[in-house]
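A.B. asks: Residues per chain are reported as follows:
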Amino acid sequence: MTNEGEALRVIFTEFYYWVTVVLMFLIHVGFCMYEVGASRYKHHQHTLMKNTMLIPLVTVTWFLFGWWIYWAFPTGPGLAPSIMTESTALVTGGGFGGNDLANPTNAFMAINLNDHLMGVFWAAFLLFSWTAASIVSGAVIERITTFAFGVLAIAIGSVFWSIDAAWGWHFDGWMLKLLGYHDAYASGVIHAIAGGFALGVLIVLGPRIGKFSSSGEPRNIGPRNPWLVTVGLFLIYTGFWGFYAACNVPIYDLGPEYGMEGVTYWTATNIYLTPTTLSGITMNFLMSLSGGLLAGYVIAKGDPFWTYSSGLAGIICASAGNDLYHPIQALVIGMIGVVIAYKLHYWVERKFKIDDAVGAVAVHGYAGFVGLVICGFVLNGYPSSGYGVGEMFDGSTYATINPLGQFIGAIVMFVILGLIPGYIIAKVLNGMGKLRIPREVEIAGLDYEMMESAKEDEKAVSSATR
Amino acid sequence: MATVTDWITHLTTDTNADKDGIQVGGSIYPGAGSSELLLVLLLIAIWIGWHVITNRSENNELSNLSRKRHGANDHKSNITDW
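Residue numbers (my numbering), protein chains in the order written: chain A, 63 to 528; chain S, 1075 to 1156.
Just so you know, these hints were derived from the structure itself, not from any lab. Note that the Cβ used here is the ideal one computed from N, Cα and C, for glycine as well. Treat each hint with caution, since some may be false.
Unchecked claim - Derived coverage of chain S by chain A (criterion: at least 3 residues anywhere in the stretch with Cβ under 8 Å from a Cβ of chain A; other residues may be distant): (1) 1099-1112; (2) 1116-1123; (3) 1132-1144; (4) 1147-1156.
To be verified - So these bits of chain A aren't anywhere near chain S, every CB distance computed over 12 Å: (5) G67; (6) L126; (7) F209; (8) V266; (9) P288; (10) I313; (11) M345; (12) Y359; (13) A362; (14) F414; (15) I486.
Please model the entire structure based on the sequences and the hints provided.
C.D. replies: See the structure below:
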């Protein structure tokens, strides 16, 4: 770069996304702590490793094809015309098809002195991928095989969420154009899809042994270590700051983007290039967190596990429109989402005998779904994206935000890209006998041999020191 | 294999300086322009190999443990105190 101002803007943007990646790492730390805290002693180490190993599995596949899917399929299966032209530099074609820039053999998929942004964008989206897979991980603890979970993690983390981001986030996404879909901080794009996927897997996987009595009454298998759960959820809250920031573009000149001749307007934008401020979304984040905590404390009668989870559910529910809501709107929406998610969790548990060990389907799936629907009403009539404000590339216009579009969008996220693929893949794995650990192992504990070996080590060391 | 042997030459690599200004040679990793496909194939092999190996070891571990038929509380005698 030879222009100082441009260099500052680009390197600031590079550093900004890099910081979001570091912050989002805490989400995964939190999920690991949370899951181990929620599992029973005899399953701790396998539970930890299952969640940890999704990091390399999703990362490798995100490099090979996940990132490419995001750039390759925004128009869906022929649902909307593409606005991409060669002038956008997102050229269809190349050795790997779709968008050649995200082809893993492309020169930009490595250190490249002509490009400062591909790597940090790739990494920010990858951290979203880990989150999606980690949401599923918590729901299935103590009875899924590591192999099956690895396959499922790759499916949600590097395939299905990437498709939904292409459809609902990408500037060429058909859901933006046709439905007016708006999901600024991923109520649906991450949370509803991951919750739906987890539900699809749980239907096939079945409950933990002893979860339901012979008459079908659910029993509570409470967290083994509430303190680990607490710290884990606090870390997830903390990582969510990075998540929110990563969904923004930190500095962008909207004048040319909106076709306003001669106008320069530098601002932060959301992922759809409509203006917002980091300052404003910080208020909304905290108010929706507070709404979730307030409602969760009341509805769960002070139960810490649900109160903490409700804080998260509050944020998730308000996330679709937190770029535009008033902070008090964000708080109330967070409260509504928590009440619905909590009630639905127990209704589904009793009615369908679904054992969601950490309430992931409720906190992420139901709260995300409800958040999308509410957004359609509260933001009805707003431009869904910056591409509908002026003319973009081919002059196409985009639908505005509306209740029906958001509802259909929620169905696409939760059911079509979440629940159905999760169910089908779990069915296939189950048919191969690879989904669930043997009953005897579940009773004995996945860590039995590790613990036995550690006990023998302890005895040996003890006898040697006599 | 070395893509860069002299940074000054590399950073001023330029075929059209009058028109475009000084251009920076982009890729700097070893084997740039010739090794990418092989590296991707290597990664695919590592990825698939990992699944095959861990699947086999998990199968063995689960079948060994299930044969022993431990009770639900047997693990408690293995809790260490150190």
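A.B. asks: All hints, please: hold or fail.
C.D. replies: Structure-based check of each hint:
Note: the region 1099-1112 of chain S has 9 residues with beta-carbon separation from chain A under 8 Å; the three-residue rule is met and the coverage holds. Check result for the region 1116-1123 of chain S against chain A: holds, 4 residues qualifying (beta carbon to beta carbon below 8 Å, three or more required). Counting residues of the region 1132-1144 of chain S whose beta carbon lies closer than 8 Å to any beta carbon of chain A gives 11, which meets the minimum of three for the stated coverage. Coverage of the region 1147-1156 of chain S by chain A holds in this model, with 8 residues showing a Cβ closer than 8 Å to a Cβ of that chain against a need of three.
Every CB of chain S is more than 12 Å from the CB of A:G67 (nearest about 15 Å), matching its label as outside the interface. Consistency note on A:L126: stated as away from chain S, yet its beta-carbon is not over 12 Å from all of that chain's, at 7 Å minimum. Here A:F209 does not stay apart from chain S, with its beta-carbon only about 5 Å from theirs, under the 12 Å limit. No beta-carbon of chain S comes within 12 Å of the beta-carbon of A:V266; the shortest separation is about 18 Å.
Annotated as non-interface, A:P288 keeps its C-beta farther than 12 Å from every C-beta of chain S; the closest such distance is 19 Å. Annotated as non-interface, A:I313 keeps its C-beta farther than 12 Å from every C-beta of chain S; the closest such distance is 23 Å. Annotated as non-interface, A:M345 keeps its C-beta farther than 12 Å from every C-beta of chain S; the closest such distance is 41 Å. The claim that A:Y359 lies off the interface holds: its Cβ sits roughly 34 Å from the closest Cβ of chain S, which is beyond the 12 Å cut-off.
Annotated as non-interface, A:A362 keeps its C-beta farther than 12 Å from every C-beta of chain S; the closest such distance is 28 Å. Here A:F414 stays apart from chain S, with its beta-carbon at least about 26 Å from theirs, past the 12 Å limit. Distance to chain S confirms A:I486 as a non-interface residue, since its nearest Cβ pair spans about 20 Å, more than 12 Å.
Of the numbered hints listed earlier, those contradicted by the structure are 6, 7.
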